[in-house]
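Asks: Just so you know, the protein sequences line up as chains A and B, in that order.
Just so you know, we're using numbering that gives the first Met the number 0 here: the first sequence kicks off at 0 and counts up by one.
Just so you know, we're using numbering that gives the first Met the number 0 here: the second sequence kicks off at 0 and counts up by one.
Think of the hints as simulated: they come from the structure by calculation, not from any bench.
Quick caveat: nothing in here was measured; it's all calculated off a predicted structure.
Treat the hints with care, since some could be wrong.
Pairs of lysine to aspartate or glutamate, DMTMM-like flavour, derived with a Cα cap of 20 Å [as the list claims (entries may be wrong)]:
1. A/K127 <-> B/E180
2. A/K196 <-> A/E147
3. A/K4 <-> A/E178
4. A/K149 <-> A/E136
5. A/K130 <-> A/D150
6. A/K41 <-> A/E82
7. A/K97 <-> B/E180
8. A/K104 <-> B/D169
9. B/K278 <-> A/D150
10. A/K104 <-> A/D190
11. A/K8 <-> A/E82
12. B/K161 <-> B/D110
13. A/K97 <-> B/D169
14. A/K8 <-> A/E66
15. A/K205 <-> A/D37
16. B/K161 <-> A/E147
17. A/K4 <-> A/E76
18. A/K243 <-> A/D40
19. A/K205 <-> A/E242
20. B/K161 <-> A/E242
21. A/K104 <-> B/E166
22. A/K255 <-> A/E234
23. A/K97 <-> B/E166
24. A/K205 <-> A/E178
25. A/K97 <-> A/E82
26. A/K41 <-> A/D225
27. A/K97 <-> A/E66
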Amino acid sequence: MVDTKIGIKIRNLNISYGGNKSLGANKNIIALKNISLDIPDKKLTAIIGPSGCGKSTLLKTLNRLLETRDNIDIQGEIYIGGEDIYNPGCPVSELRKKVGLVDQKPYPLPSSIYNNVAYGPRIHGNLKGKKLDGIVENCLKRVHLWQEVKDRLNSPAAGLSIGQQQRLCLARTLAVEPEVILCDEVTSALDPLSSEKVEDLLLSLKKNYTVVMVSHVLRQARRLADYVVFLYLGEVVEACNTEKFFNNPTHELSRKYIKGTMAGV
Amino acid sequence: MKLRYLEERIFKILIIFSVFLVMTSLVIIIGAVLFKGGNVLIHNPRVLITAPGPRYLLGGEGGFLHAILGSIYMVIPATLIAGVIGFGVALFLQSDYSNSRISGFIRTSLDILWGTPSIVYGIFMLTVLIFIQQRGCLLAGISVLILLELPIITRYADEAIKAVPNELKDSAYSVGATRYETSRIVGKYALPGIAAGILIGMGRGIGDAASVIFTSGAGSVMPSGLFESATALPILIFQQASSCYPSVREHAYAAAFSLVLIVGILNLVSRLLVRKFSKYVMRGK
Numbered sequence: 000m001v002d003t004k005i006g007i008k009i010r011n012l013n014i015s016y017g018g019n020k021s022l023g024a025n026k027n028i029i030a031l032k033n034i035s036l037d038i039p040d041k042k043l044t045a046i047i048g049p050s051g052c053g054k055s056t057l058l059k060t061l062n063r064l065l066e067t068r069d070n071i072d073i074q075g076e077i078y079i080g081g082e083d084i085y086n087p088g089c090p091v092s093e094l095r096k097k098v099g100l101v102d103q104k105p106y107p108l109p110s111s112i113y114n115n116v117a118y119g120p121r122i123h124g125n126l127k128g129k130k131l132d133g134i135v136e137n138c139l140k141r142v143h144l145w146q147e148v149k150d151r152l153n154s155p156a157a158g159l160s161i162g163q164q165q166r167l168c169l170a171r172t173l174a175v176e177p178e179v180i181l182c183d184e185v186t187s188a189l190d191p192l193s194s195e196k197v198e199d200l201l202l203s204l205k206k207n208y209t210v211v212m213v214s215h216v217l218r219q220a221r222r223l224a225d226y227v228v229f230l231y232l233g234e235v236v237e238a239c240n241t242e243k244f245f246n247n248p249t250h251e252l253s254r255k256y257i258k259g260t261m262a263g264v
Numbered sequence: 000m001k002l003r004y005l006e007e008r009i010f011k012i013l014i015i016f017s018v019f020l021v022m023t024s025l026v027i028i029i030g031a032v033l034f035k036g037g038n039v040l041i042h043n044p045r046v047l048i049t050a051p052g053p054r055y056l057l058g059g060e061g062g063f064l065h066a067i068l069g070s071i072y073m074v075i076p077a078t079l080i081a082g083v084i085g086f087g088v089a090l091f092l093q094s095d096y097s098n099s100r101i102s103g104f105i106r107t108s109l110d111i112l113w114g115t116p117s118i119v120y121g122i123f124m125l126t127v128l129i130f131i132q133q134r135g136c137l138l139a140g141i142s143v144l145i146l147l148e149l150p151i152i153t154r155y156a157d158e159a160i161k162a163v164p165n166e167l168k169d170s171a172y173s174v175g176a177t178r179y180e181t182s183r184i185v186g187k188y189a190l191p192g193i194a195a196g197i198l199i200g201m202g203r204g205i206g207d208a209a210s211v212i213f214t215s216g217a218g219s220v221m222p223s224g225l226f227e228s229a230t231a232l233p234i235l236i237f238q239q240a241s242s243c244y245p246s247v248r249e250h251a252y253a254a255a256f257s258l259v260l261i262v263g264i265l266n267l268v269s270r271l272l273v274r275k276f277s278k279y280v281m282r283g284k
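Taking the hints into account, I'd like the entire structure generated from these sequences.
Replies: Structure follows, in structure tokens:
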């Protein structure tokens, strides 16, 4: 699929959720089936597909966030920067610093705007004083939030508008200097203006970071992504560059999904 | 008139009647305590700051400072310790350290303990005291109150932590926070719910006589150490109210007045603290 440098290599990934026994469901639910993928370095890759196809599940395996949930079985290998992240010796905290995640709905930490951005650098580098101030200012500037909040850095982050909160969450992620940024439908809770700002940000970020984005908006994937991964019922249907996917998809299912005629498949 | 409008009116009347019933009984109880107790305190405010004389419970000289201090010395350390342990257990119940079967068993046990009459706790601690050949003392009183408050505080903290959105935990994990660092964020978010449990637990602790009557020593002396006898306001109220001396019975209302006042002050201080610390918490989303 990829003719550039590989950022993330996924091999034979299988994920199943344990059934809720109290509700009488004893069977495991298979979320992802035998996924093998190469995600390019320093590009924006969009994972698309209908609801429930395993997009977010795939995304959250890339920083091992999925394993914080109950009854999850994860099998397979994922290499980021050549290192198998599911190797028992891999330090999870360091991995999550390297692979940041911005969620669908922004959830600022229950603290001030400043502390939200400073949180990561504080826990990792024990930073304080002017150095930390510098990081906070720099990250807020990169997400174009500095001008809006510079006079109220100590105000509660929960008081910001939802669009501002999403950019703050991006700033919080950038503050720990990740190599990969995972975005799970980051604009779905935002109004069109805020979405546009976040989209511009993602476009600027892909120059320096490997960005993997889950989106259910095809136009957005087409606008932003360099590569597209199309998932259906937990399997990769097609993975190729954006232009090819939208203009000349190989698979019949992809064609139907792009046309919006998947009902009845 | 349509039946559904009639239902609506009956429903409204029932709600107003319930509120009226609750408020009336509340006003009567607190009003009687404040009026009768206030009457004693206006004429003899020194009872609040005076140690009891040797014949205090027989109508002699002195006040009930010993019981005020005894209650405070017992309930504050007990609540703090139960708060820390309860928060820890609640975090365990919600974390991936525990599975749903273990959590379910612990929750059921805590619910049973919550419903257990306090006298059972008192008798249990008394058995322990007899076993270790120790007489009733302040430390035993504190210990029994920890046990009494623990189920309430833990279950409240458990429910408060359960209400913390997974996305908030993910936010902390996603920048590389450890489980401990994430727990601190979770604790901060769940603080109002945890504090409600601590207040209710403390209310149970400070208002309970049955658990401490056998265990704290219940003597009419000032508390002077962890291994010395101490008493609490509810015990004193029980002793005063069952006295045959009218002057002693009157003092029961004054003691009840100070108990209400202490609960009110502790409640107010806790609420102010919670408000101060929870101003950053996002609600209703």
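Asks: None of the hints should be skipped; say for each whether it holds.
Replies: Results for each hint:
1. For the hint linking A/K127 to B/E180, the alpha-carbon distance of about 17 Å falls within 20 Å, and the restraint holds.
2. The hinted pair formed by A/K196 and A/E147 meets the criterion: a straight-line CA distance of about 13 Å does not exceed 20 Å.
3. Of the supplied pair hints, the one linking A/K4 and A/E178 holds, its CA atoms being roughly 14 Å apart against a limit of 20 Å.
4. Under the criterion of a C-alpha separation no larger than 20 Å, the hint pairing A/K149 with A/E136 is consistent with the structure, at around 8 Å.
5. With a C-alpha separation of about 19 Å, the suggested pairing of A/K130 with A/D150 holds against the 20 Å cut-off.
6. Proposed proximity of A/K41 and A/E82 is supported: the alpha carbons are some 17 Å apart, at most 20 Å.
7. The suggested pairing of A/K97 with B/E180 holds, with an alpha-carbon distance near 18 Å, which does not exceed 20 Å.
8. For the given pair, A/K104 sits about 11 Å from B/D169 by alpha-carbon distance, which is consistent with the 20 Å threshold.
9. With a C-alpha separation of about 18 Å, the suggested pair B/K278 and A/D150 falls inside the 20 Å cut-off, and the hint holds.
10. Restraint check for A/K104 and A/D190: satisfied, since their Cα atoms lie roughly 12 Å apart, inside the 20 Å limit.
11. Taken as a hint, the A/K8 and A/E82 pair is honoured in the structure, with Cα atoms around 10 Å apart against an allowance of 20 Å.
12. Simply put, B/K161 and B/D110 have alpha-carbon atoms about 16 Å apart, close enough for the 20 Å limit, and the pair holds.
13. At roughly 15 Å between alpha-carbon atoms, A/K97 and B/D169 fall within 20 Å of each other, so this suggested pair holds.
14. Between A/K8 and A/E66 the CA atoms are separated by roughly 19 Å; this keeps the pair inside 20 Å, and the hint holds.
15. Taking the CA atoms of A/K205 and A/D37, the gap is near 17 Å; set against the 20 Å cutoff, the hint holds.
16. A C-alpha spacing of about 34 Å is found between B/K161 and A/E147, which places the hinted pair above 20 Å, so the restraint is violated.
17. Only pairs whose Cα atoms come within 20 Å are accepted, and A/K4 paired with A/E76 is accepted, the gap being roughly 18 Å.
18. The hinted pair formed by A/K243 and A/D40 meets the criterion: a straight-line CA distance of about 19 Å does not exceed 20 Å.
19. A C-alpha spacing of about 17 Å is found between A/K205 and A/E242, which places the hinted pair at or below 20 Å, so the restraint holds.
20. Distance restraint check for B/K161 and A/E242: the Cα-Cα separation of roughly 45 Å exceeds the 20 Å cut-off, and the hinted pair is therefore not satisfied.
21. A C-alpha spacing of about 8 Å is found between A/K104 and B/E166, which places the hinted pair at or below 20 Å, so the restraint holds.
22. Taken as a hint, the A/K255 and A/E234 pair is honoured in the structure, with Cα atoms around 16 Å apart against an allowance of 20 Å.
23. Distance hint between A/K97 and B/E166 is fulfilled; the C-alpha atoms sit about 19 Å from each other, no more than 20 Å.
24. Using a Cα cut-off of 20 Å, the hinted pair A/K205 and A/E178 holds, with the two alpha carbons roughly 11 Å apart.
25. Note on A/K97 and A/E82: the hinted pairing holds, with a Cα-Cα distance of about 12 Å set against a maximum of 20 Å.
26. Restraint check for A/K41 and A/D225: satisfied, since their Cα atoms lie roughly 10 Å apart, inside the 20 Å limit.
27. Between A/K97 and A/E66, the direct Cα distance comes to roughly 17 Å. Compliance with the 20 Å bound is thereby established for this hinted pair.
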